[in-house]
Amino acid sequence: MSETSQNEQPPAEPSVIKPALSDVDGVEVSREPDSDVIDGLPAGHAACEDRDRWGSRFEFLLAIIGFTVGIGSIWRFPIQCAKNGGGAFLIPFFFFMITCGGPLYYIEVCIGQYSGKSAGAAFEFCPLLKGLGFLMVLISFDILWYYVTIMGWIQYYFVNSFSSPLPWTYCGHWWNTEKCQDYTDLGGGLTNDSLVDNDVTYLIKNRTDTVSPAMEFWLHNVLRKSGSLEDMGSIQWHLALSNFVAWALVVASLVKGVKSLGKVVYVTATAPYILLTVLLVRGLTLEGATDGVLWYLTPDFEKLRDPQVWLDAAIQVFYSLGPTYGGVITMASHNKFHQTSVLETVICVTSDAFTAFYAGLVVFSCLGFMAHDAGITVEAAAKASGPGLAFVAYPEAISRMPLPQLWAVLFFLTLITVAFDSTFGMYETVTGAIMDCCPRIKGKMSYVVLVGVASLLFLLSLPLTTNGGIYLFQLGDWYISSFALLLGSSLEGLMVCWIYGADRFSQDIAMMTGRRSSVLLRFFWCIVMTGCLSFGFLTTIFTYSEPYYGDGYVYKPYAITVGLVMSVVPMIPVAAVMVKELYQANGSLIHRVRTLLKPSPEWQPFDDKAREVCRLRPYVYETTFLGRARKNIFGDKDTPWL
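Oh and the sequence shown: position 434 is 434 in the UniProt record's numbering, straight run, nothing missing.
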């Protein structure tokens, strides 16, 4: 706004100039005499003009499905379902998926498509809090730091799956100890004794000092684990090589940007469903599989009275969909401006929920067989959770099937394809933010960024490949995906729905699609979604618990401090950008805050025609909560809503 209008007191009743222009898809806009008019294209939009676009809507759909459906869905959802009442857990899970997860996912798709920018530069509609974009970039960077380590583990198992017999099926290898005992040699009855490592319960027959070959392969061959974080040991080159191969494949897949990614996802986004189906068909034919599936689906409605069940369901939804990672915004920024993305959002959210449920059928059919074969209950077999389910319990169950090499190869190939898809989205978020901040980076320089970021992350991940790396991995996983992720989700909901305004955001959507968002969707955005996100963030703070590893290792104070730093670092840009913007603004503190809560000139659609219309639109600042709530949900009385 001009300096004169900024010093004026806001009117008691906001007045809006009557529509002066009807342009894009029949969307009417109003002219604000004192609005900032930018002649020409803002510098921040220079990169949008020649930004790569998806070859088709189907490529975009496959890309976001691949990004959303991560390896956590293969085992985390089934375990959460078992922990929280079986089939009864589906009720709060689908409730939060519909009321919170889906609406927030659609917001991120629209932000990326409208601005044509990656997550790092897409929040100019609220300059005071635009550091949220950098928070997303840092979250993706931090998660990539340890996420590719999981991919390295998977690749190592995949290579060993071609061995005959499978190396985790019997003792006698160089990594086995005197406690190792083949399951075929375990005799007698089964007790309730167990050996716990990293939240994974391994049931032991007769003695608590015997260990299965699968667990020893995981601990002493794959990890070669030391006794504590203080004993980091040396780099394990088999894991370092696996990490290097993983990064090389990621870079090779993205070397031509979304054009190459759009072709890769045809395989990586569809292969998991084919492989899961093959595994499910095989699993259901195993003896005891029915018991596992029935235990998985049988609801315990008493669990719904426990608030923790609902909190776990909400966390699972956001953990699974991946908002605030920045990947959805970045991928949507490559869409065509007038593309209608509601259908893609619905399909993606539905696919994520379906995949989690479907993977549960696969896992519990296999665990049912494992429980039957060992003579234990399905509930006891299902106590294995976290990495142990994928790297101990499931491989052990597969090793007891006919043709175990075939099923092991298929299982780990499924995990590889799912893991790569999620990595693509996060990596594109990091590199896309760098290129958006430096529009001159083109051609060969973009390859330098692509390779440079991968090289940096590979070097930073080397401590995770040491003997004590698993302790560092657990520490990072404990803190990185908690506070910053929930804070980012809460801020994003508040910024879009209450600061920028759900009604104004609905007008932006109408510029792209020709239709405003429905009142029902805006109600979910403003009331249900923002309320649940804020509640989840506060609950996480007040229920904070210190990290631990396994059944007995407790992290020392210095390690907890390191973990808290990991959690706080992604939040620093939000505060830093806020201070910077307030310092550079003019006027009193209140005037600066009010000005910085309004969209900056950089917040424009990347489409030329829509940009000319958008700059003539007014920004009316509602001063009362009820007035803002009424307008956000029901829209302006002078403009129609759908």
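None of these hints come from the bench; they were simulated from the model.
Among the clues, some could well be false.
[Unchecked claim] With a straight-line Cα cutoff of 20 Å, these simulated DMTMM-like cross-link-like pairs (lysine to aspartate or glutamate) come out: (1) Lys-609 / Asp-312; (2) Lys-336 / Asp-52; (3) Lys-303 / Glu-230; (4) Lys-598 / Glu-612; (5) Lys-580 / Glu-124; (6) Lys-556 / Asp-52; (7) Lys-556 / Glu-230; (8) Lys-83 / Asp-312; (9) Lys-598 / Glu-124; (10) Lys-598 / Glu-581; (11) Lys-336 / Glu-581; (12) Lys-336 / Asp-607; (13) Lys-83 / Glu-379; (14) Lys-336 / Asp-608; (15) Lys-83 / Glu-302; (16) Lys-83 / Glu-230; (17) Lys-303 / Glu-287; (18) Lys-580 / Asp-608; (19) Lys-556 / Asp-477; (20) Lys-83 / Asp-231.
message: Hinted pair, alpha-carbon criterion (20 Å max): Lys-598, Glu-612. Please report holds or violated.
response: holds (19 Å)
- request: Assess, step by step, whether the Cα of Lys-556 is no farther than 20 Å from the Cα of Asp-52, and give holds or violated.
  value: violated (48 Å)
Holds or violated: Lys-83 to Glu-379, with C-alpha atoms at most 20 Å apart: holds (9 Å)
field: Pair hint Lys-556 and Glu-230, alpha-carbon separation not exceeding 20 Å
entry: With a Cα-Cα distance of about 10 Å, the restraint between Lys-556 and Glu-230 holds, given a limit of 20 Å.
query: Holds or violated: are the alpha carbons of Lys-336 and Asp-52 at most 20 Å from each other?
result: The given pair, whose Cα atoms are some 10 Å apart, holds under the 20 Å limit.
message: Can you confirm whether the C-alpha distance between Lys-83 and Asp-312 stays at or below 20 Å?
response: holds (10 Å)
message: Holds or violated: Lys-598 and Glu-124, Cα atoms, limit 20 Å.
response: holds (9 Å)
message: Holds or violated: Lys-336 and Asp-608, Cα atoms, limit 20 Å.
response: holds (12 Å)
- prompt: Hey, Lys-83 versus Asp-231, does the alpha-carbon distance stay inside 20 Å?
  reply: violated (33 Å)
Pair hint Lys-580 and Glu-124, alpha-carbon separation not exceeding 20 Å: Holds, at roughly 14 Å.
message: Given the hinted pair Lys-580 and Asp-608, is their Cα-Cα distance within 20 Å?
response: violated (30 Å)
- prompt: Would the pair Lys-336 and Glu-581 pass a check requiring their Cα atoms to be no farther apart than 20 Å?
  reply: Given that 20 Å is the threshold and the Cα spacing comes to 31 Å, the pair is violated.
When the structure is compared with the earlier hints, violations turn up for hints 1, 3, 6, 11, 16, 17, 18 and 20 and for no others.
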